[in-house]
Structures are given as structure tokens and as C-alpha cells.
Amino acid sequence: GQNIDQPTEMTATEGAIVQINCTYQTSGFNGLFWYQQHAGEAPTFLSYNVLDGLEEKGRFSSFLSRSKGYSYLLLKVLQMKDSASYLCVRRDSNYQLIWGAGTKLIIKP
Amino acid sequence: DTGVSQNPRHKITKRGQNVTFRCDPISEHNRLYWYRQTLGQGPEFLTYFQNEAQLEKSRLLSDRFSAERPKGSFSTLEIQRTEQGDSAMYLCASSLGVKGGNTIYFGEGSWLTVV
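Protein chains in written order, with the numbering used here: chain A, -11 to 97; chain Z, 4 to 118.
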């Protein structure tokens, strides 16, 4: 994706915690989304951050640092169904969405 | 089901043929988007509508691609003279405006295979 960097693939163990990092171009920044996408399916919304800090939603949390152009998605108590790609999405000042290529998360028992 | 629906879900076509995909957005959503996604990549923006007006069209969209949303409700995406490089999943999404945390909601996608 244009100006969005996230790891291509990560592996974690069921029950553990994993953090997926995303860095993005800061100019014209207007919000950061995380989407989950299971293989062969459409992306589904997970979280939205526009101000610095941590947003918690159940087992998933998302963090944003605007000055650093950095976000992470934190997944706790991993379940096998969490195996999916996680897409970092930056919204610009024109409200256009710039999608990362996604991080494929593999959960092992 | 009140989500975004797309059809057909799968289409296999011969190179050179025309194909059309339909998208029915969530009923109160005024914005409708088309994206294309290939394996291992995030969705690529193609075009979007605000009600019936097509406000932006990606440079990725060649002249063979056309999209319409005639009554501001459902939309169609037509690909003329398909090429093998058009094989991808075509995603439709809708949203209620763009401000704040208004998210876009995706349909299940239409898979196109050009042989």
C-alpha cells in the first residue's frame, strides 16, 4: 500500500498476545482504521483512531501516535479464528482511504 | 440481511468478454465505493459515488471500466473486453458520509477469473 508499512506475516500461539505495527505517512493524516480480513472474504471493521492513545474493544486494542506516524493493533488471548490478515488503513485529508497490504497472522495451537 | 450485497459472487469469463457486477449498499448509506483486490494486497480504490454522482475515479481504472449508480441506490461495475490482468476480487463498500469514525462496510466481493 502507498506509504503504509506493516509486516507481511506474523506467527503467534493460541492464548498469547500479539502486536501488529503499522507506520504511515503523517502528512494529510485524518484517521487510522484497522480491518480484519479472512482468506477469501471481505474486510471487516475493527477499530478507528484519530487522536493519540489507546482504544480498547474487547480482546482487541488499537494505539495511535500521530507525531510518530505509528499505530499498532493488539490482540489478546488469541483464538484460532483470529488467523486472518490485518489491514492498516490511513485516511487522508480528502477522506480517501489508503490501504496497507495487510499482515497475515498465523495462530498456532 | 441489511449488509452490502454483491452479485454474482463468482464469475469466470473468456478474455475479451464483457462482465457486469452489481452492488446493493446498506440502504441509508449515501457513499458507495468500488475496490479491487488481488492476492496478498490490500484493496485498491477504483471509484466512489456520493448518491448518484461519481465523484472520483482512480487512474487505475482504464477506459474499459465503467461504473454507474443511476438512482443513488444500487451500483453496477462493468468491465469491457476483459483481460487476464482483470482477474481479481471486486469489492463494493458503502458508508454513511465520511466524517469522524464513519466506517465503510464491505460486501462479500465478486471474484472474477478471466481465462
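Hints were generated in silico from the structure; no laboratory data involved. Just so you know, even glycine gets a beta-carbon here, dropped at the ideal spot from N, CA and C. Hints may be right or wrong, so weigh each one.
Label-pair distances were calculated between CB atoms; the ranges are [said to hold, decoys possible]:
(1) L42(Z) - N(-9)(A): 16 to 26 Å
(2) E86(Z) - R47(A): 25 to 35 Å
(3) P97(A) - K74(Z): 28 to 38 Å
(4) E59(Z) - F33(A): 41 to 51 Å
Result set (DSS-like, lysine-lysine): computed pairs, CA atoms no more than 30 Å apart in a straight line [as the list claims (entries may be wrong)]:
(5) K64(A) - K96(A)
(6) K69(A) - K14(Z)
(7) K14(Z) - K92(A)
Structure-based check of all given hints:
no. : hint                          : in the structure
1   : L42(Z) - N(-9)(A): 16 to 26 Å : holds (22 Å)
2   : E86(Z) - R47(A): 25 to 35 Å   : violated (43 Å)
3   : P97(A) - K74(Z): 28 to 38 Å   : violated (50 Å)
4   : E59(Z) - F33(A): 41 to 51 Å   : violated (21 Å)
5   : K64(A) - K96(A)               : holds (14 Å)
6   : K69(A) - K14(Z)               : holds (28 Å)
7   : K14(Z) - K92(A)               : holds (26 Å)
In the structure shown, a violation is registered for the earlier hints numbered 2, 3, 4, in ascending order.
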